[in-house]
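> Model the full assembly from the supplied sequences, consistent with the hints where possible.
Protein chains: 2
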Amino acid sequence: MSILVLGTTALDTVKTPSGVRREMLGGSAVHFSMGARHFTKVNLVAIVGSDFPKKHTDFLTRKGVNLTSLIVEKGRTFRWAGEYHGDLNAALTLSTELGVLSVFKPRIAEHQKSIDNIFLANVDPDIQRHLLSHMSSPRLVGLDSMNYWIDHKRRALLRLLKEVHIFVANDAEARSLSGEINVFKAARALRRMGAPIVVVKKGEHGVIVSCKDFLFCLPAYPVEKVVDPTGAGDTFAGGFMGYLAGRRKIDAMSVKKAITFGTVMASFNVEGFGLERSCCVTRSDLERRYRHLKAIASVC
Amino acid sequence: MSILVLGTTALDTVKTPSGVRREMLGGSAVHFSMGARHFTKVNLVAIVGSDFPKKHTDFLTRKGVNLTSLIVEKGRTFRWAGEYHGDLNAALTLSTELGVLSVFKPRIAEHQKSIDNIFLANVDPDIQRHLLSHMSSPRLVGLDSMNYWIDHKRRALLRLLKEVHIFVANDAEARSLSGEINVFKAARALRRMGAPIVVVKKGEHGVIVSCKDFLFCLPAYPVEKVVDPTGAGDTFAGGFMGYLAGRRKIDAMSVKKAITFGTVMASFNVEGFGLERSCCVTRSDLERRYRHLKAIASVC
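So the protein sequences, as listed, match chains X and R. Taking this note's numbering, the leading residue of the first sequence gets 1, the next gets one more, and so forth. Taking this note's numbering, the leading residue of the second sequence gets 1, the next gets one more, and so forth.
Treat the hints loosely; a few may be bogus.
It does not matter which identical chain is used: a pair holds within one copy or between any two.
Unchecked claim - For lysine-lysine, the following DSS-like pairs were computed, each having C-alpha atoms within a straight-line distance of at most 30 Å:
id: 1; residue 1: Lys212; residue 2: Lys225
id: 2; residue 1: Lys74; residue 2: Lys212
id: 3; residue 1: Lys74; residue 2: Lys41
id: 4; residue 1: Lys185; residue 2: Lys225
id: 5; residue 1: Lys294; residue 2: Lys256
id: 6; residue 1: Lys294; residue 2: Lys55
id: 7; residue 1: Lys257; residue 2: Lys74
id: 8; residue 1: Lys153; residue 2: Lys249
id: 9; residue 1: Lys212; residue 2: Lys249
id: 10; residue 1: Lys225; residue 2: Lys256
If you're looking for bench data, these hints aren't it; they were derived computationally from the structure.
Structure (structure tokens):
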């Protein structure tokens, strides 16, 4: 019972109304790992530069993340800098330095190729496809992307969509890729385009899951002070996919529980800068918020 | 078991991507009545001009709405014209003709003064207060308002807030009146300002209820084709308050059920122009969507 996540490992500089943090450990694969590690063994596939601080690899190892397939390449680590204003709903990117990410070709250790739960976090769809083609027995494959790839590598993304079980997108991405304004129609269109389960993330407005047999809408966990939303979507995906990785059956009940755990994990993420809060969550913190969210969302 | 609603009776001209309708029956008190009539006897307090078509009063009477306190004043009926684009989330007001609404002073029939469930739909807070002062035994009072009054009659509105049990606002209004950006904080602040139960409507993103003993978040009913959202908030309030009017206890269970019925009623409203769809809802339509929404929103 383990999961493999392909994505980015980054150094993030973030400014929000709560303050500034420079060169924090971040990236989609890292945030995903924080969400997933409570439920399953996480294997990270990413690239960092030779400047990547040892304290970060030590930290990830301490958190139980397997780094066998983390490439350390000569050069600089991928860096992102962004800023949030007002209600913190949208990030303003200040700078992006790809560094070694521009030459990233995932290399997976032989013994990891049989891992059957896979999450393709947001990187170039060609890299996502390349990785997937090396996996010997995919049982559950999740896919994330972003507007840049929807606009610039649409065909590659659409082709990949047919090979995955779950597509995770925010509402703008779902609308853009499907061409539908209505979010429920967008989700159904994306299912017709290939992924049997479509998860649409709406940030503070919660999440929608559309699949053949059921529809599920869950509000976000009520957070009164959002400190830094960077990585919330990846942490959500980690909780969601991590929980499913440990389930034998992918059905309405397991998907709903997975979505709820993902939502709870994302709520911890936004309460601190970077991994500050999400890295220290205990299983009982998780369970407490799960019960609370269930009570808040349950119709009598 | 009945409810009295103070509000507007209007002739609405609406343009949406689905088409145009001219001078339809509308107004906050009318939409509210469509939501509430399934649960309780509705008594409407409003004003129309001498040009108000008899077919509309006949229609309301047929729908069981008591029009004893509907004033017919010499002059023109209140008219509103608006337009919706894109995802239909915001109305663009094209014109407002107050007509007789500018001289509105509610007059309530003597036998209606003892009605103990009251909804003060969006009109001038001074008029809302005037009406409330004439009610002999308020048991449950709901209040709605709008940004115009928040900006121009803030003090009158804040005073009124202390005299009601439930305040219903959309998210922008809740933020504006409370001065809090975070919607959960805004709801709590509004409770401190007077109303023990605060309902924040977020349109397609559902609704939040904040009160001392519990928090409840419900997604909107999934509607794939929104034809005309005019009056959705009032129809919601009608279903919500109408259901509560028939309950002995106002507790977590009755409030959650009321919110769910309100949400369902609003979903019918947006599926047609004006009252086209909401006026023809049967009790079994209501129950069916209630069960569906419950399934969609329930965490395992």
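> Take the hints in turn and mark each one as holding or not.
Right, here's what the structure says about each hint:
1. Lys212 x Lys225: This pair counts as between: shortest inter-copy Cα distance 19 Å, intra-copy 36 Å.
2. Lys74 x Lys212: Close neither inside one copy (47 Å) nor across copies (57 Å); limit 30 Å.
3. Lys74 x Lys41: Intra 28 Å, inter 76 Å, cutoff 30 Å: intra-copy only.
4. Lys185 x Lys225: between (32 Å within a copy, 9 Å between copies)
5. Lys294 x Lys256: This pair counts as both: shortest intra-copy Cα distance 11 Å, inter-copy 13 Å.
6. Lys294 x Lys55: neither (37 Å within a copy, 47 Å between copies)
7. Lys257 x Lys74: neither (42 Å within a copy, 60 Å between copies)
8. Lys153 x Lys249: neither (33 Å within a copy, 57 Å between copies)
9. Lys212 x Lys249: Within one copy only: 16 Å inside, 39 Å across.
10. Lys225 x Lys256: both (26 Å within a copy, 25 Å between copies)
Against the hints set out earlier in the document, violations occur for numbers 2, 6, 7, 8.
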